[in-house]
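Read top to bottom, the protein sequences are chains A and B.
Under the working numbering, think of the first position of the first sequence as 8, with each following residue one higher.
Under the working numbering, think of the first position of the second sequence as 32, with each following residue one higher.
Some clues are possibly wrong.
With a straight-line cut-off of 30 Å between C-alpha atoms, the simulated DSSO-like cross-links for lysine-lysine are [stated by the list, open to error]:
(1) A:Lys134 - B:Lys565
(2) A:Lys183 - B:Lys312
(3) A:Lys92 - B:Lys515
(4) B:Lys347 - A:Lys65
(5) A:Lys79 - B:Lys347
(6) B:Lys347 - A:Lys22
(7) A:Lys65 - B:Lys196
(8) A:Lys81 - B:Lys347
(9) B:Lys310 - B:Lys347
(10) B:Lys347 - A:Lys11
(11) A:Lys79 - B:Lys219
(12) A:Lys11 - B:Lys340
(13) A:Lys22 - B:Lys352
(14) B:Lys219 - A:Lys22
(15) A:Lys116 - B:Lys340
(16) A:Lys183 - B:Lys347
(17) B:Lys518 - A:Lys134
(18) A:Lys134 - B:Lys617
(19) B:Lys352 - A:Lys65
I should point out that these hints are in silico values taken from the structure, not numbers from a laboratory.
Chain residues, written in single-letter form:
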Amino acid sequence: MGIKLTIDGKEVEAKNGATILQTARDYGIYIPTLCDNPALEPYGGCRLCLVEVEGMPKPTTSCTTPITEGMKVKTVTPQVERLRKTVIELLLSDHPNDCMTCERAGDCKLQEFAYFYGLRSNRFYGKRRQYTKQDGNPFLERNMDKCILCGQCVRVCNEVQGVGAIDIAYRGFDAKVCPSFENDLNCEFCGQCVSVCPTGALTGRIWSKKGRTIGIKEVETTCSYCGCGCQLNLHVRGNEIARVSSKPDNHNEGWLCVKGRFGYEFITSPDRLTTPLIKRDGKFTEATWDEAISYVAERFKKIIADNGPDAMAGLSSARCTNEENFLFQKFMRAVVGTNNVDHCARL
Amino acid sequence: MEKAKTEIIVGMGTCGITAGAADIYALAAESAKTKGLDVRLSSTSCIGMCHSEVLVDVVTPGFARVTYGNVTKEAIEEIISSHVAANVPVAKYVIAQMPSYGKTYDDIPIFGQMPYMNKQERVVLSNCGFIDPLSIEDYISKGGYEAVKKVIGGGDPKAAIEIIKASGLRGRGGAGFPTGLKWEFCNKAVSDKKYIICNADEGDPGAFMDRSVLEGDPHAIIEGMLIAGFSIGASYGYVYCRAEYPLAISNLKVAIKEAHERNFLGDNVLNSGFKFNIKIKEGAGAFVCGEETALIASIEGLRGMPRAKPPFPAQKGLWGKPTVINNVETLANIPRIIVKGADWFSSFGTEKSKGTKVFALAGKINRGGLIEIPMGITLREIIYDIGGGIPNDRAFKAVQTGGPSGGCLTAAMLDTPVDYESIAKAGSIVGSGGMIVMDEDDCMVNIAKYFLEFTQSESCGKCTPCRIGTKRLYEILERITEGKGRKGDLELLEELSEDIRLASLCGLGQTAPNPILSTLRNFRDEYVAHIEEKRCPAAVCKPLITFTIIEKSCTGCMACARACPTSAITGERKKPHFITSEKCIKCGSCFDVCKFKSVLKK
Ligand SMILES: Cc1cc2nc3c(=O)[nH]c(=O)nc-3n(C[C@H](O)[C@H](O)[C@H](O)COP(=O)(O)O)c2cc1C
Ligand code: SF4
Ligand code: SF4
Ligand code: SF4
Ligand code: SF4
Ligand code: SF4
Ligand code: SF4
Ligand code: FES
Ligand code: FES
Numbered sequence: 008m009g010i011k012l013t014i015d016g017k018e019v020e021a022k023n024g025a026t027i028l029q030t031a032r033d034y035g036i037y038i039p040t041l042c043d044n045p046a047l048e049p050y051g052g053c054r055l056c057l058v059e060v061e062g063m064p065k066p067t068t069s070c071t072t073p074i075t076e077g078m079k080v081k082t083v084t085p086q087v088e089r090l091r092k093t094v095i096e097l098l099l100s101d102h103p104n105d106c107m108t109c110e111r112a113g114d115c116k117l118q119e120f121a122y123f124y125g126l127r128s129n130r131f132y133g134k135r136r137q138y139t140k141q142d143g144n145p146f147l148e149r150n151m152d153k154c155i156l157c158g159q160c161v162r163v164c165n166e167v168q169g170v171g172a173i174d175i176a177y178r179g180f181d182a183k184v185c186p187s188f189e190n191d192l193n194c195e196f197c198g199q200c201v202s203v204c205p206t207g208a209l210t211g212r213i214w215s216k217k218g219r220t221i222g223i224k225e226v227e228t229t230c231s232y233c234g235c236g237c238q239l240n241l242h243v244r245g246n247e248i249a250r251v252s253s254k255p256d257n258h259n260e261g262w263l264c265v266k267g268r269f270g271y272e273f274i275t276s277p278d279r280l281t282t283p284l285i286k287r288d289g290k291f292t293e294a295t296w297d298e299a300i301s302y303v304a305e306r307f308k309k310i311i312a313d314n315g316p317d318a319m320a321g322l323s324s325a326r327c328t329n330e331e332n333f334l335f336q337k338f339m340r341a342v343v344g345t346n347n348v349d350h351c352a353r354l
Numbered sequence: 032m033e034k035a036k037t038e039i040i041v042g043m044g045t046c047g048i049t050a051g052a053a054d055i056y057a058l059a060a061e062s063a064k065t066k067g068l069d070v071r072l073s074s075t076s077c078i079g080m081c082h083s084e085v086l087v088d089v090v091t092p093g094f095a096r097v098t099y100g101n102v103t104k105e106a107i108e109e110i111i112s113s114h115v116a117a118n119v120p121v122a123k124y125v126i127a128q129m130p131s132y133g134k135t136y137d138d139i140p141i142f143g144q145m146p147y148m149n150k151q152e153r154v155v156l157s158n159c160g161f162i163d164p165l166s167i168e169d170y171i172s173k174g175g176y177e178a179v180k181k182v183i184g185g186g187d188p189k190a191a192i193e194i195i196k197a198s199g200l201r202g203r204g205g206a207g208f209p210t211g212l213k214w215e216f217c218n219k220a221v222s223d224k225k226y227i228i229c230n231a232d233e234g235d236p237g238a239f240m241d242r243s244v245l246e247g248d249p250h251a252i253i254e255g256m257l258i259a260g261f262s263i264g265a266s267y268g269y270v271y272c273r274a275e276y277p278l279a280i281s282n283l284k285v286a287i288k289e290a291h292e293r294n295f296l297g298d299n300v301l302n303s304g305f306k307f308n309i310k311i312k313e314g315a316g317a318f319v320c321g322e323e324t325a326l327i328a329s330i331e332g333l334r335g336m337p338r339a340k341p342p343f344p345a346q347k348g349l350w351g352k353p354t355v356i357n358n359v360e361t362l363a364n365i366p367r368i369i370v371k372g373a374d375w376f377s378s379f380g381t382e383k384s385k386g387t388k389v390f391a392l393a394g395k396i397n398r399g400g401l402i403e404i405p406m407g408i409t410l411r412e413i414i415y416d417i418g419g420g421i422p423n424d425r426a427f428k429a430v431q432t433g434g435p436s437g438g439c440l441t442a443a444m445l446d447t448p449v450d451y452e453s454i455a456k457a458g459s460i461v462g463s464g465g466m467i468v469m470d471e472d473d474c475m476v477n478i479a480k481y482f483l484e485f486t487q488s489e490s491c492g493k494c495t496p497c498r499i500g501t502k503r504l505y506e507i508l509e510r511i512t513e514g515k516g517r518k519g520d521l522e523l524l525e526e527l528s529e530d531i532r533l534a535s536l537c538g539l540g541q542t543a544p545n546p547i548l549s550t551l552r553n554f555r556d557e558y559v560a561h562i563e564e565k566r567c568p569a570a571v572c573k574p575l576i577t578f579t580i581i582e583k584s585c586t587g588c589m590a591c592a593r594a595c596p597t598s599a600i601t602g603e604r605k606k607p608h609f610i611t612s613e614k615c616i617k618c619g620s621c622f623d624v625c626k627f628k629s630v631l632k633k
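Build the full structure now, drawing on both the sequences and the hints.
And the structure:
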């Protein structure tokens, strides 16, 4: 039996333990958020998701408040709208407001809220965090002056990746997400943090100046690096990959590893082989697939004929799927006739 | 039987040590030795009279205990030669005597009848300054651990909860939540493990009652935690204490060890089968770590950041288990209530605020220090009778209660009874018990700025309104005190304050605007003077004041010219002097040195 409540006058029902925000989302009721991520533990930091609940003396954050029977929730009131606007204004008062040249423009939640609340001017101004020292790691661009301290990167790194490479240091206005002792980031570089960042604070180094939203086409594909076969969402401009993301509704739940996310430079590498090569007269020459496969089959047959099938051995790869690996061992055993078959990941 | 010796007791709380008590102690030992006097020299903790440190007490067997204040090196010599050697108290250093020890001396005021003492009621502080905190025997001799025996001996965990509920005790950590009720919630929670935490973070600047109790009466905290643990079903307790309190921590460590040796703590407390152990967790001294969910995170080894409630700690606290968090002063009340009864406790105080409350009286006050009052006496009684009024005949202006989370109360509110409801109605909070007195020389804008500087730097940074909002509040106040305030600033302060109060995650942010809101409410004209007239009425805000010399009364003594660090003052001997304002850095030295009040600060 679910718990019944009303949100904006609409009767809704959800499981015990659900939050107001989860319930609202299930019913397609929009509540603005900056720090919430359905895949992560609730945080309650940004204070954008404040709603009014009848009987509560003050607005409460919908992302952290569990639903109770008969609760009456209002997601849009003059008071919460005013508070949300103040929160965005405060965030912008400590922000470079650099959208012109920011990698994230057009796909940035902060920019989007500034737009929806029509914040051309700001009641607040004052000191701004300005960090000059650049993190020297090879993969991630960390612009901490654009960070809104939503804590999603910290949580994803702990809860999903299990690495704990970053946390919040310092207090108050000076609070800052950083690796221990503010060293350069030295982690798995999975980029999970980048994928959850709502602003331009975290981006991929190789994504720089490759295009934002205009002219970008999204292409879904499968990562070829390993048997997991994560679903990639390539953001392509012209014939070049601008950046890589992944959708949360796929089997890898939107998470990738460093190779899938950043390791795509081989695609346009001049060293990349695009046709098979056969060594003729001591020199590699281009060949067709038919030529190459026939050549290999011929050589295999000769080795088996001359020295028996056990002169052959097969080593399969972690980049292959289970099905491919199955086929491979079947091929070695049934076609070649040897049990000499192994797999790189067995070590 | 050993012949009773004359006792010399030196106050060695943190305040005493800061005032030089360790030297006095050593000197007393040496001096007694060279004079061949057989004395018992011991130390005790802070009695609360911090305005008179170093304090030394002398007890000649059979005679009243005599307290000396402001004891210097010369004074201790004299006290030993006269009082210790010949039983003749040294009148000029005497504060008072305590007749309960024996025969009184003539012409020495009685301790309990001094204006400082006779409006106080010492429950929580009853042992502070009277027992040796490092001696469990001293504590036991004052009835210590009787309460634990009674509660554990009775065998019913709910019995103590009922007594505490009936007593009306409310948490002394700031929120004033009924303690018995909190215990009852936790008692009812079903779990394999529960915890009791003593909150000794004491982050309110100016408050130090928790430190004093831990230093001076650590066994009372252990006993309070034992009773709480037994009542809620916890066999483990944590004391979360800031590392800046080394003496409190070391005294508590000794006390825990002694309690173990006597089987008050351990795997089988008093052979009852009840298991209870206490661990001390040293915190880094962040104000926000006093907030209960941040405190729990800190004990768990995480960054001290609050989280949203519910779930409340009584449901899901330390390591996810039901947990009660109580303040030091709250816990120190427990054994006394158990022994003397709920009726005794509720005989102090008002309708809804029972018992006593300890306050740290500071600021512009003659007798600052720790005081303990029955709830319900007025601010006027505290400030004028106990505190001895404002120094140098200056006029009282306001008193800030509740520290950075509280507000200021004005002269018109001096007859407000000090209890949770009345203080709240007057626009402030009782809080953890800081009480800072301000006089006419204090600028209220500057005071608000002082508190905001504190809160914005102590914000944990988790939520937007507090992290950025309090910074912006501080910056607005800063520009007002610099004479750069603009029209609309006051409205902006009010709007932002309201939004921070409503939108912040934890109590720190929710209450941070209070000092601004209350000064704006009570002293708006001071803000207006800063902004519109570029004038600081109390002559505190440097950029807004000028120093000039009053020609008529200047004697030409040259004292100011000698004191001026920038040679801004010129003039011939015996002729009126003159300040070149371009050179003046407004240090105030000339104002301070002029004996003829001829420097005008405006
Ligand atoms: C910012 C902040 C700081 C606090 N600091 C303290 C503290 O230093 N000591 C304390 O006992 N309570 C402090 N509290 C209150 C605690 O959260 C909690 O209410 C209290 O420890 C409960 O104990 P009590 O019921 O015995 O008062 C603080 C609360 C907030 C919001
Ligand atoms: S992070 Fe967003 S708001 Fe900030 S500069 Fe970039 S696009 Fe603009
Ligand atoms: S790249 Fe991955 S491991 Fe590194 S900080 Fe981000 S989430 Fe953590
Ligand atoms: S870096 Fe991005 S994800 Fe991390 S806290 Fe800042 S804004 Fe949030
Ligand atoms: S290499 Fe990484 S991104 Fe690619 S499929 Fe494997 S785990 Fe996924
Ligand atoms: S109100 Fe302040 S101290 Fe409390 S959680 Fe928010 S930022 Fe941290
Ligand atoms: S205030 Fe200081 S700098 Fe100015 S005239 Fe007086 S002594 Fe000199
Ligand atoms: S989404 Fe709820 S506080 Fe950020
Ligand atoms: S800015 Fe492109 S993903 Fe963060």
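Pair hint lysine 518 of chain B and lysine 134 of chain A, alpha-carbon separation not exceeding 30 Å: Measuring from Cα to Cα gives roughly 20 Å; hence the hint holds.
Given hint lysine 22 of chain A paired with lysine 219 of chain B - CA-CA distance at most 30 Å: holds, 25 Å
Pair hint lysine 81 of chain A and lysine 347 of chain B, alpha-carbon separation not exceeding 30 Å: This hinted pair holds, its Cα atoms lying about 28 Å apart.
Restraint check for lysine 79 of chain A with lysine 219 of chain B, where alpha carbons must lie at most 30 Å apart: Judged against 30 Å, a Cα distance of about 28 Å means the pair holds.
Given hint lysine 11 of chain A paired with lysine 347 of chain B - CA-CA distance at most 30 Å: Roughly 24 Å separates the two Cα atoms, so the pair holds.
Given hint lysine 352 of chain B paired with lysine 22 of chain A - CA-CA distance at most 30 Å: Given pair lysine 22 of chain A, lysine 352 of chain B holds - Cα atoms ~23 Å apart, limit 30 Å.
Pair hint lysine 11 of chain A and lysine 340 of chain B, alpha-carbon separation not exceeding 30 Å: holds, 21 Å
30 Å limit on alpha-carbon distance, applied to hinted pair lysine 92 of chain A and lysine 515 of chain B: Since the Cα atoms of lysine 92 of chain A and lysine 515 of chain B sit roughly 26 Å apart, the hinted pair holds (cutoff 30 Å).
Proposed proximity, lysine 617 of chain B with lysine 134 of chain A (alpha carbon, max 30 Å): holds, 26 Å
30 Å Cα cutoff - pair lysine 352 of chain B, lysine 65 of chain A: Holds, at roughly 27 Å.
Restraint check for lysine 310 of chain B with lysine 347 of chain B, where alpha carbons must lie at most 30 Å apart: holds, 20 Å
Agreement of lysine 79 of chain A and lysine 347 of chain B with the hint, judged by alpha carbon distance not exceeding 30 Å: Since the Cα atoms of lysine 79 of chain A and lysine 347 of chain B sit roughly 25 Å apart, the hinted pair holds (cutoff 30 Å).
Violation of the numbered hints given earlier is absent; every hint is satisfied by the structure.
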